[in-house]
Amino acid sequence: MEYSTDHEIIKQVVAGNTSAYTYLINKYKNMVFTLSYAILQNREDAEELAQDVFIKAFNALPSFKGESLFSTWLYRIVINTSLNKKKLNNIKPLITDGDLSEDIYIDVDTLIKQQERKDRVKIVQSAIRLLKEDERLCITLFYINELLIAEINELTGISISNVKILLHRGRKNLYNELRLLLKTEISKLV
Amino acid sequence: MQEDKNIKLLLQEYGVEETSSSFNNDIMQRVNAALVTKQSKPLLNNFIIRLLKLAFLIVAISVISIVCFVPNLNFYFNIHNNIFNQLFTFIIVFWVGMLMNICLNKIWSKKTVLYN
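First to last, the sequence lines map onto chains F and Z.
Counting in this note's numbering, the first sequence runs from 1 upward without gaps.
Counting in this note's numbering, the second sequence runs from 1 upward without gaps.
So that you can see chain F by itself, here it is in the shape it has in the complex:
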């Protein structure tokens, strides 16, 4: 069964069709995980937290009135839960390599394309992780989660002018980190 809007799915879930919730999970799991990872900087903790967020959202779905977008509501839960967990754990930044799962390769071209993509993913994700905490959070919310500056201000409590400054600095630092990482990768090859 296909659903056209989040509200339709929410109605179904609240009415008792719990399997419809998998549509929402599939749609938002990577965004939720990316955001929690941006805050916690630990893959296992971020995944556990992403699961907790979906459980919390499921329990609170009957009280969701649809005044804001479901995504904004969900990201609010992510930020609150992540910050609470971070306060409790006081986790230190940890840089890990990307997922090294095995893929089935069809031919050399596909292999090269897949390797290229893996390299790009690794470089971009590493560059994001090297940003400062507040810059990383703003960059993730603005570019990946596609929130407006006003929404970031509402969710994080960072003032609008500071969000703009953090986005500007974040962009600049992201380019610098990308440049440095690319140089390192090239020097490894040469």
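Check the hints yourself; a few may be wrong.
In silico lysine-lysine, DSSO-like type, Cα no more than 27 Å apart, as pairs [said to hold, decoys possible]: (1) Z:5 with F:27; (2) Z:5 with F:183; (3) Z:106 with F:56.
Rather than coming from a laboratory, the hints here were simulated on the basis of the structure.
Starting from the known structure of chain F, fit chain Z onto it as the hints suggest.
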């Protein structure tokens, strides 16, 4: 603006982290477990519990009022010792069971809130 678009495309294409393959299953298992807990209903529904409480209050107040306000009340029951002992033991066991049930329910509900 173009820079914004480029960086957005770049981050959305290569910056999104992916969850593990068991992510959906783990959540749905927890959702279903939570539903089972929610669906378990109490043995007596709220209406019957309220009715019993009301009946208890009415009887208790009536008995106390009669004892206090009616003078020279000859109100005796001739109960055989064995029956009296059985009744007394039943009342004690019933209330000990009831109190234990209340305490266990409170501890269980605290644990459920912490887990959620």
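Going down the list of hints, with the structure as the test:
1. Between residue 5 of chain Z and residue 27 of chain F the CA atoms are separated by roughly 22 Å; this keeps the pair inside 27 Å, and the hint holds.
2. A C-alpha spacing of about 24 Å is found between residue 5 of chain Z and residue 183 of chain F, which places the hinted pair at or below 27 Å, so the restraint holds.
3. In summary, the hint linking residue 106 of chain Z to residue 56 of chain F is supported, as the alpha carbons are separated by about 22 Å, within the 27 Å threshold.
Checked against the numbered hints given earlier, this structure breaks none of them.
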